[in-house]
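**Student:** Note that the protein sequences, when read in sequence, are chains G and B.
First residue of the first sequence? That's 8 in this note's numbering, and the numbers climb one at a time after it.
First residue of the second sequence? That's 9 in this note's numbering, and the numbers climb one at a time after it.
Check each hint, because a few of them may be wrong.
[Claimed, not checked] Cross-link-like lysine to any residue pairs, in silico, SDA-like; alpha carbons within 25 Å at most:
1. B:Lys-219 to B:Ser-140
2. G:Lys-165 to B:Leu-261
3. G:Lys-103 to B:Leu-225
4. G:Lys-19 to B:Lys-10
5. B:Lys-174 to B:Leu-225
6. B:Lys-10 to B:Val-44
7. G:Lys-142 to B:Val-265
8. B:Lys-138 to G:Val-174
Hints in this document: simulated from the structure, not taken from any laboratory.
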Amino acid sequence: MYTVKSINKLVKEFSNLPGIGEKSAQRLVFFISRTSKEYGKRLIEAIREVMEKVKYCSVCGSVTESDPCPICQDRTRDKSIICVVEEPWDVFVFEKTGKFRGLYHVLGGAISPTKGMNPQDINIGGLLKRVKTHKIREVILATDPNTDGQATALYIAKLLKGRGISVTRLGMGLPVGGDLEFADEDTLSHALEGRRAM
Amino acid sequence: MKLYKTDAIVLSDSDLGDQDKIITLLSHRYGKIRAVAKGARRLKSRFAPAMQMLSYVTAVLYKSKRIEVDTFNECKINSSFLGIRNELLRLAYGYYSIELIMKCVHGAETPPFLFDLVLKILFLLEKIPKESLPVLMRSFELRMLTILGYRPYLAGCVECHQKVEKNRRVFFSGYEGGILCANCSKEKRGKLVSFETIQWMKFLRTVSLDKLANLKLSHRVSEELKIIPKSYIPHRVGEEVLSYTFIETVQALETEVETAKKTSSPSTETRVSWIDQE
Ligand SMILES: [Zn+2]
Ligand SMILES: [Zn+2]
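Chain B on its own, in the form it takes in the complex (with noise of 0.2 Å):
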């Protein structure tokens, strides 16, 4: 057995007995690993902080030579990023992107700029005003595809190869993988799009994290967008991420909060119409 230390974040703990848990890591060196935590069940662990979904931890492992599952030795948190955890629609951001990684991620063979994206992503997640969490979500999503090398085709139609041009109807298919130009589409395949929201495509695998704050984008292009992770994802991934959902929930929750809070009189016998949701 020989013992090794990373930087990682945990992705996802599952119980192992009545004692133990197993961990998935994403780790700075050797990509998703797994490895077992003993005792992290129990009570008074001194594990059992650090194996939370979404804690930035510097661990020791030891590498196991017969099988493929690991056993942390030590584990220290650096992070658990508790502005994510403390207010309920960065949380559905915090679930999708260690989704995300999940399903997007496989193996070791990950180079370590991924995870110092990751990183970066989660640290923004904690303090970038909320308005800009979709934007940066599809800048997280646009440049892991990329890194991972299942980066949509925007250069031109995916069948004819012919360049997009601004005043072109243009389609976007997930299931192909790119742009479709209309003639190839012949308006069946993929879903009209505005020349604009490709621009931002583009424009999103690249721009510095530290703008992604104070970009605006359009309604338009920000539902148009959506189709990275609805429609592009799934297809390339082959299953669904299901924790999108949840972020649509929460914001629709928020939404319904705000609605009530500027109709209802300050009165607390007010029953305001979300209430009756069930």
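With the rest of the complex left out, here is chain G (with noise of 0.2 Å):
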């Protein structure tokens, strides 16, 4: 069989990226192979910076180049509101509505007790701290509209209960089953609009 090691080395990287299975390597490898050395230059740059100036925001978990985020440091914002949602992803989701003026916090994950994954194996530690040592009025629960994403909004909940925090869960219209990832701009400030105590 004829192969070719250099490419063979580039599908075999490629396939390990979340979605991507052997095919769909295999084109974006031969794609790069005919592209313009210009452009190759470009993506390995563009990588490269992510590898090195990306990090996580020490205070609220998001993807930031900066340590706190840049969110984190905007004074404009409310400081007093905390969206609390699972993936770093999520923060751009809420971000681009441009309703929420507050600040977030990143559990890197949701309870899945099935697939071992309990409280103290998701960042809840941290949202506990931040609770404790800053004057917060309100905390959104903004997991997944999932079985999870539930089970990660009740467990949260009765741990800030009692300690005069509204607590509430993004409202009506956020489809029951799916990733706040796939939500799009006007049904998410629909759902923030809509958040009711719990």
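Could you use the hints to bring the two separately framed chains together as a complex?
**Tutor:** Okay, structure coming up:
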């Protein structure tokens, strides 16, 4: 069988990416092999830059190039409201709506008992610390509208109970069973406005 | 391809590419089924709401001749068990029940009354008083184990078959699969349990599920019965039921919240000790 070593190597690396099977990986590699040298250089540079510059905010857990992240440092934002999300990507989704002016807290996952993901495996401790050391008026639980997201929201709500904080959950309009990252801006804005106490 | 219709409970879902989901179901008549829900990952999918773990659905599926994975044609929700989903402790038990089925039931060889049992348990899980949740679960475990041929041996000692009598020391071993007498255990194998606990194990296999809420178990018996989920089931199915830990975590949190409520002053400034766990 005829093979080219360098191509195989890159195909193998691409296949490790989420959602990319071997067929798609091959297509990408053949595209790259035919493209201009300039494009190749830009791609390598872009990957390198992400690897070198991107880190997680030590306060909220979002991806950022500076620590604390620009959102946590922004003086115009309402520091008494925290929106709790599962993944760093969800922060981008909320920021796109332009409707939320508070801070975020990224859990880095959801409680998923059947997969052995328990409360101590996600960053709930960090959230408690923030709530304890800052004057927080409201915590919005914006975990995914599926069973694990619900379990996570219920757990945090119970943990925050009796602390004089209003704990809310995103409202109706968000389709059940979905991932927050697939929500469009309109739907999310509505869900945010329609949030209700837990 | 052949169409067929069945009632089912959604046990798990996982992503299949960017668009689809692959769903595992416990069906009424065909045991455990795996099926693809096309487009279920999309935001406005007609399938998405029905494809959640713990949903009770009526599904129309295409049976594939070649592969073991069927395809959803239609799926309607009969109940999504909001009573379970909206309360943390009940949801923890919900996860546990589903994982138990995932790990104990294999293939299509399951009798319809297993499905009926599971459905009944889920309806009870929604509304039974909270303090009856452990006894409900123990009864579910023992019944399911019995239906699937995994039931613990309780007629006498698993080794010498000597009957268990009231005033003798009796041991229960998850590894051995039932009771051990003091002689066979030699105080080493199995765990010392009360005679009463053994009686409860037998009783909970057959007692009417509707009467569970009226049963009062002593603290000792409740604690000793935990040997079923903690040791007996893992030994029978060959792996741990992971979500049992979550029940214990939630139970501990609820106890702490209750205690904090009782001891703290109404002021919101009071910092109670459980907040410092981490
Ligand atoms: Zn930040
Ligand atoms: Zn014996």
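**Student:** Each hint should be assessed against the structure and marked as holding or not.
**Tutor:** Now the hints, each set against the structure:
no.	hint	result
1	B:Lys-219 to B:Ser-140	holds (10 Å)
2	G:Lys-165 to B:Leu-261	holds (8 Å)
3	G:Lys-103 to B:Leu-225	violated (55 Å)
4	G:Lys-19 to B:Lys-10	violated (39 Å)
5	B:Lys-174 to B:Leu-225	holds (18 Å)
6	B:Lys-10 to B:Val-44	holds (15 Å)
7	G:Lys-142 to B:Val-265	holds (21 Å)
8	B:Lys-138 to G:Val-174	holds (23 Å)
Violated hints, in rising order: 3, 4; the structure is consistent with all others.
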